[in-house]
Amino acid sequence: MHGVKRVKYTREALAAKKEREQAKLKEYQGLTAEVLARKQARDTTQEAFDLTTKLLHINPEFYTIWNYRRNILSDAIFPQRTPAQINDLLADDLSLTTVLLKQHPKVYWIWNHRYWCLRQVPEGPTEADPNGWRQAYWNKELFVVEKMLDADPRNFHAWNYRRYVLEEMPIKRSEQSELVYTKRKIEANFSNFSAWHQRSKVLSSMWATGKLDKTKSMEEEFDLVKNAMYTDPNDQSVWIYHRWLIGSGDNKDILEREIESIQELLDEQPDSKWCMESLVFYKRTLVGRHGSVLSDEASCRLEGECLELLSKLEKVDPDRRQRYIDLSHAGPHYLIAQDRRSPPMWEEVTITANIFNTGLDTYSTTLIPSSQSYKTPLVIPARNLVAKVMLDDQGQGAGGVVAVIRVVQHLHSPALQPQLVQDLQVLEPQAAFLGASVVCKTWYAVSACQYDAKEWWHIRST
Amino acid sequence: MDFDVVVLGTGLAESIAAAALSKAGFKVAHVDNNQYYGGDEASLTLDELAQWADARATDSEDKPTSEYLARQRARYTSITRSSTLPPQSRQYAVSLAPSIVPSLGSHIDSLIASGVSRYGSFKLLEKVAIYDRPGYVQSVPGSKEDVFKSKALSLVEKRRLMRFLMFAAGEFEGKKELEGKEQMPFLQYLRETFTLNDKPANAIAYALAFCICANDPTLPALQRIRQYLRSAGRYGASPFLVGHYGGLGETAQGFCRTSAVKGGTYILGRPVSGVKCPSSEANATSTDEKTPVPSARSVHRVELEEFDESLTARVVLSSSDYLPPTSLPGATSSSSSSIPDTVYQVARCIAIIDKPLVFTPTESTDEAPSTATEEPAGEPGEEADQPSTPSYEVDTAVLVFPPNTLPNASTTTAAHLLVTGEGSMSAPKGKWILNISLPLLSSASGPSAEELLRPYLDAALTLTAPPSASSEVQPAEPLFTLFYIHHPASAPSLSDPANADSDIIITPSCTTLLPAIADAATQNAEAMFWKAVRRLKGTREPQKAVPTDDEKGEEVEKDGGDSELDGIESFWPPLDVADVESADDW
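Here the protein sequences line up with chains R and B, keeping their order. Note that the working numbering has the first sequence beginning at 1336, numbered continuously upward. Note that the working numbering has the second sequence beginning at 16, numbered continuously upward.
Honestly, the hints are just simulated from the structure, not real lab data. The beta-carbon is built from N, C-alpha and C at its ideal position, and this holds for glycine as well. Be aware that a few hints might be false.
Simulated DEER-style distance windows between Cβ atoms [said to hold, decoys possible]:
(1) Q1598/R - K214/B: 21 to 29 Å
(2) Y1363/R - E186/B: 30 to 38 Å
(3) V1628/R - D213/B: 21 to 29 Å
(4) A1523/R - T73/B: 49 to 57 Å
(5) K444/B - A1350/R: 55 to 63 Å
(6) S460/B - R1489/R: 23 to 31 Å
(7) T95/B - Q1598/R: 18 to 26 Å
(8) A459/B - K1650/R: 52 to 60 Å
(9) A1523/R - K214/B: 18 to 26 Å
Below, computed lysine-lysine pairings styled on BS3-like, alpha-carbon distance capped at 25 Å [said to hold, decoys possible]:
(10) K190/B - K1561/R
(11) K166/B - K1561/R
(12) K78/B - K1608/R
(13) K1551/R - K214/B
(14) K277/B - K1482/R
(15) K1561/R - K42/B
(16) K1536/R - K164/B
(17) K164/B - K1549/R
(18) K1507/R - K1536/R
In isolation and in its complexed conformation, chain B is listed as follows (with noise of 0.2 Å):
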């Protein structure tokens, strides 16, 4: 079967390249070697949770049943489960990839400019709060009017703080507070240049930047801040959204729904035995040592297990799982095939309960109530007076440990901790999923994802316990947990020299930023998508349009290389009339 693409992983970038790929008229051939899509990002239900990671185990006796899955193997180790599911395994969505995506940002911008918006619906996030002391957070001060109503903070912190969310909402490029400082340990910055204590930076840093550790550079942290304090108020007061029935998955699947309307073939569940490039086609199987020798019009052949036929293709995009890292463009030099030093290993753990967490603030313990020496008559539709301890119960959340907030836990990371319920549909009634993420800065094999992240887990429970209930209350027991490590997908960037002709093309690694992910997905595959454009249309890469005077009042957006891309002008062509009609109704 001839296509124009064959895209292998259904991951969220992948999924989103070969929908682009398919609006702008190529045919795709869309291969998992899961039943499920999503790839890494998945959302499973928890019996789907259950065989994946058993199927990744390593000390599980199979051997591993696809060259996809052995990969997968050695990207996610130290797996431990409840040997029990709980009831209603089915009406949970699980992220494998939890995220929350931001208001404003390349991820949403394509869900709208793609239709893909309508498939899938979303729950702003209710809350992000840092984890205090047993049973109490910190209000993490994100707003005028949170720092305004904030007791925790002392007025001439107030101060500073408002002037840093200013600075950080502007545009700081260029301005004196930052020249020089921009690779400054973000935490160090806070400090001296806005003179913020210890708290408040911390809860910037950790809670509004989502940074990972102390020594996060400057200049990135600003630049997410600006753009979550800019999303706020687009769709409400949180600059967050949580995808619907389990996240990113979700909308993984979307993309695939979208290209698959626009004509792109889907082959879920077969694992790939090899891809052959014709100037190798004599030795060539997935499984031998080869180096693909770059040819521009050279054909891929695809070759998938109990199917006769192989897929063909000039263009493959990969997920780095599907191809052995000798087949990888860039193999042959060692430092590019590589993982930025952004991308961290990753201790997860799922964890299912069955009370939820409440978010009692730790300084609305010392606030008086308003004095008044006439009580407020019992009227109907009265205003209450606001109780003198506000606690909410969270469905979605999150909770951020700064390094250092646990015993017997991480002193250099912090953990952040999503929890997702009935709201965000990706729990029954009365059920929440936690998923707690632990980046962790060394590779080296050290302590169990288990005992990395059980402090962790032991410290969000006592949330469902609050102090506003009775003593008689205890913490919830988790009904079903999963602990294990993460470790990012190796693939060389887009923009190695080394691998800018080739034809296969590896999704490069993602952070794990929760906050991040779908914006830097979305990012990766718009630059495979523009990659396999190129090499489809057998054009080079262009060079940035600069006009210049003599090109004054002409149209500049294209240089004579993109010209030849035969319209294609957007990652994402305008909607149909009939897409933006049911946009609309989104």
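Chain R on its own, in the form it takes in the complex (with noise of 0.2 Å):
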């Protein structure tokens, strides 16, 4: 630890040392025995509590313990007391929670303990008065957890915790409250999951109640949000905030504003693993769910940016290396020629099939060149399908892959399928023209999409 001035020990104060330990751990092995013994006895005397008290002073993880204590508490010794003894008693296990909690904030045991104590709060102090006592622990509760969460703001247990509280409290704090305290929580530091979950959640139901005007709001957590993301892009917390916000991307308006102010961000910081990552997600979002009303061009263009992305994102998180080229087969759909390769040192090459007899209206293609700047996706008749395969100018990559040719059709009708295979496979002596020859081929429908039929060609240079 920092700060923390460091001891050195004489050898005889090392022995001392060792020797209170071995003395600590005989005491804790004797009562844990004592204890367990009691318990499989079902000793529920005062007594055995006290030693529940004691053990689990020590250890607080001993879950087995805690089970222990309640049971002694609601078998024998609660239904021997007065309601306001009850509650004496259980201010009694709170305070215990809250010592402990103190140096083990994130014991689920602990936590547990006080749910329940909290759930077996009798009705009183008088008939006339049944929720006097809880809202009493309520409101302590509140503070309590606020202490706990001023002393870590990413406390996830304080924060269900707190939902608890919130939820269970007999009058009900303003949802709007608990929005200005998220808030006050993400700007001391907004690298905090919890927080933001937190937010997601109170927005949700203002939201679905209409305390809250939706859209409005949501150009206020968009605001927010993206400040947060361009101050400190490497955080995860805020994109997964953003993608809760975009939720299933159905305004297309919002999602292309968004996709245009995260590209403006990767421009600023070309580096920035989440802003491709979402890019790609986004770019797919829409061309997912707009695509009927986007033109082939604009959904060719945006997967080949996706495709592109993946493939820098292989380099700067190379820890994923295989999940950005799983997503990159995973695309939706069109025809990509894909340099995958580094240097890029390219020149074009131009393969020309003719196919014949799809009663397809387009075969829609596009180059993907190495350079910054894409070319101009080309839409070409069906009967004069030109794809354009980027080779390495040296013909022979050190990798083997030197390119690889995806071909995608909107494919309206199952049935049209074979003759595409038909079609495409004209493409396959082409390539062994240019001295390439033809690894690996697969074919695959992608159930969901419009888009139903994609092939792959790796290319090996020979």
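Starting from two chains that each stand alone, build the complex the way the hints lay out.
The following block contains the structure:
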């Protein structure tokens, strides 16, 4: 730990320390054995109860002992006490958990016990005021949990507990105040999944009940989260919140606007992994959700950009390389020739194939040269498909794979699929003509998409 | 009376060196011409400040009562002050060297290692802001949270600023962004390498790096920013501490106290009438022209007025104001007795006000309140929504005026204003001290200090009538003002070969940069300490210990020269147990 003075021990001091530890260990083991034996014997005496207190102070993670303690309370002690006495006992147990939580803020069993205690609070103090005790606890609980969150604003146990407390309070607090609270926590440090999550929960609820104008407040949220994205694009919590805001991407205008904004951020920060990953996700969402109103050219260009981004991601985030390769294969559509190599030294070669009998209107093709600028996607009449493949000018790739040609077709009727296969096979000899051979060829259909067929040709240069 | 060292002047550097020498077991006599501790860094009550100013004002009729005072008069010029003092004048602690202390740095290290920290207490600086226009300031985005919350920065500016801050907080030496640009003017560097716009670039240069002008070189500015960024969070969100009771003067006194506890002898309020060394005994008084002959074993004789017995010591540590320039070790070569080009003349203003400065961020005016169809219910303990115009009444804060901020004011240098109030125990309740410093690039005599600084003072005072107040509120009228120009002390560099062999060690000139003074004085003190130790032990200057392959596995911390220093291993010896315990309380 920082700032703690390192203490140098002499040999004698070390031996003494070890001895003390041994003694402590022995005491703990003895205590454990005794408490477990009493549990076995269903001992529910006050004495047994006190021993659990002692043991839990030493090891609050021993959940068996918490269970045993609760058994003693509910089976033996509570039935013999008045509500007021029970209330006092619960107050004691709550302070026990407070003390332990201060030392161990992330131990489930302590939190569990706290939930349990609050559920046991009897009605009172009077028949006229049955919620009096409870309300007193709840007010205090909110204070406790805020203290816990001040100490560690990212303690998800505390956030969970906060939600529980807010939900259970006999007199509810306004959701608006929770919105303010989460904003304060986010402003103090926005790298906080829990605070964003809490905010999303509150907003959902307020939108659902109409307490907040969704369109307007959504814009404010986009503004907030964009500020965080630009401040620290490496912070994942922010991107996850942004993704929650976008949701299923039904609003095309918002989706396009956000894509543009992230693109601007990427221009500023060209190595930002989260920018690139989100762009792939949102661009594919755009095509997936709104493909019917996009031109073929536009859809084609978007997917081309996604593939380019994914190949950059392989480089900036090599730990997840395979994931990005899988993602680039999982793209929905279109004919793509993609450079998977660097350095980019390409010359243009044209493969021409005549395709007959497809009954289809168009093939779409696009080229992704490795240079920064994209060439205009070509939309070519179906009977005269031109696939441009970029090949390494040296004609040999160290890794073998020099080009991937992906052919995808708008296939409105599944019955046309076999024909398309035939048609595209025409390309194969052309690749061979270039001194390349097709080493791998896969057909598959992506069921949920309207573009149903695609083909991969990994061409290995020879 | 025989001593190992006589230290002349109780400025911060001399006081730290005296404490270290006492702790190392040397017999130290520490002398000051003044009745108070701290020399040029003293913290004075208003009465004392007025006396201080009057004694140095050149139009005063009296002849200077000491050589020290004569030299001080040359170094503090253009003095004007209010003729009357406000009531409770003894409840003020005004610093002659306003400073803020970074939470990480050599000064804090020395405070802790020497145990002096328990003699002083500190307050975190609340805020650093940039003066914008009458009534308004610009916030300084110095952390991720500031950048995130800022309404003044565009999204792209936020990204660029954060990229710069991450860079500046890291190990930038040798990185390609810096290569070959170490000496580039910092503002140009920010614009070109990090494509920052004027506003954020100005904020970084003048309010994060505390640059003095646009031409300040890049590397030192980056190093300062890194120190301050890393300082944030050690004692609180702010990187800076402000010493209670006037800051450095109080700290200097704490080091003197430590020296006294370890046996140091203190003599205050005694003018030094002469410093003699044996080889020139016959003709030497401090007023005579003389060239001290460096003699390794000479014993110096320091004579004090109205003090029969002179103080003798092998080594004399001195502020340059106590010795005639010609007696300085480097006097023979004119180039060596100089001021580093990073140390400037400073026009200063000290003003007392009775209304707080209110920092109203200029960007907050167009912040719209959050929209909610449901009004927050007024439950007890309810989170109040933030007010639409957040403004802060500041007690202890810094206000920065980059060049060209004000008409009729400097177009080349930045002024820094430190306000201290009751919170830093430097003023009575409801009163604040404004301490304005404006470095002057040219030493030619120009306008008076008052002419130079009046625009800054007036601008600062507009913040006492904030936009949130009713229109009847008028800006505060200062209860007291003092203006003067502070000329840096001229002293040879310690590493100058001309004084390598001297037993008279002169405190080097020190920067006047608000957050750099304390660390610079501490580093000067440490250099003086080691030089004095070597002279006292009669050893040569040590070479840097470079471990060679042969020495692998052996102790290579000290070379042969240092091993003769009889166990003096560090600037500060380990604290006694008693020291440690009380240090923990702090």
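Cross-check of the supplied hints:
1. Q1598/R - K214/B: 21 to 29 Å: holds (25 Å)
2. Y1363/R - E186/B: 30 to 38 Å: violated (46 Å)
3. V1628/R - D213/B: 21 to 29 Å: Violated, at about 43 Å.
4. A1523/R - T73/B: 49 to 57 Å: For T73/B against A1523/R, whose Cβ atoms are near 54 Å apart, the range 49 to 57 Å holds.
5. K444/B - A1350/R: 55 to 63 Å: holds (58 Å)
6. S460/B - R1489/R: 23 to 31 Å: Between S460/B and R1489/R, where Cβ atoms are some 59 Å apart, the hint is violated.
7. T95/B - Q1598/R: 18 to 26 Å: Hint violated: Cβ distance 60 Å, outside 18 to 26 Å.
8. A459/B - K1650/R: 52 to 60 Å: For A459/B and K1650/R the Cβ distance comes to about 58 Å; the hint holds.
9. A1523/R - K214/B: 18 to 26 Å: Since the Cβ atoms of A1523/R and K214/B sit about 25 Å apart, the hinted range of 18 to 26 Å holds.
10. K190/B - K1561/R: Status violated; Cα separation ~29 Å.
11. K166/B - K1561/R: Judged against 25 Å, a Cα distance of about 12 Å means the pair holds.
12. K78/B - K1608/R: Violated, at roughly 73 Å.
13. K1551/R - K214/B: At roughly 30 Å apart (the allowed maximum being 25 Å), K214/B and K1551/R break the hint.
14. K277/B - K1482/R: violated (45 Å)
15. K1561/R - K42/B: violated (64 Å)
16. K1536/R - K164/B: This hinted pair holds, its Cα atoms lying about 22 Å apart.
17. K164/B - K1549/R: holds (23 Å)
18. K1507/R - K1536/R: Satisfied, since the Cα-Cα distance of roughly 16 Å is no more than 25 Å.
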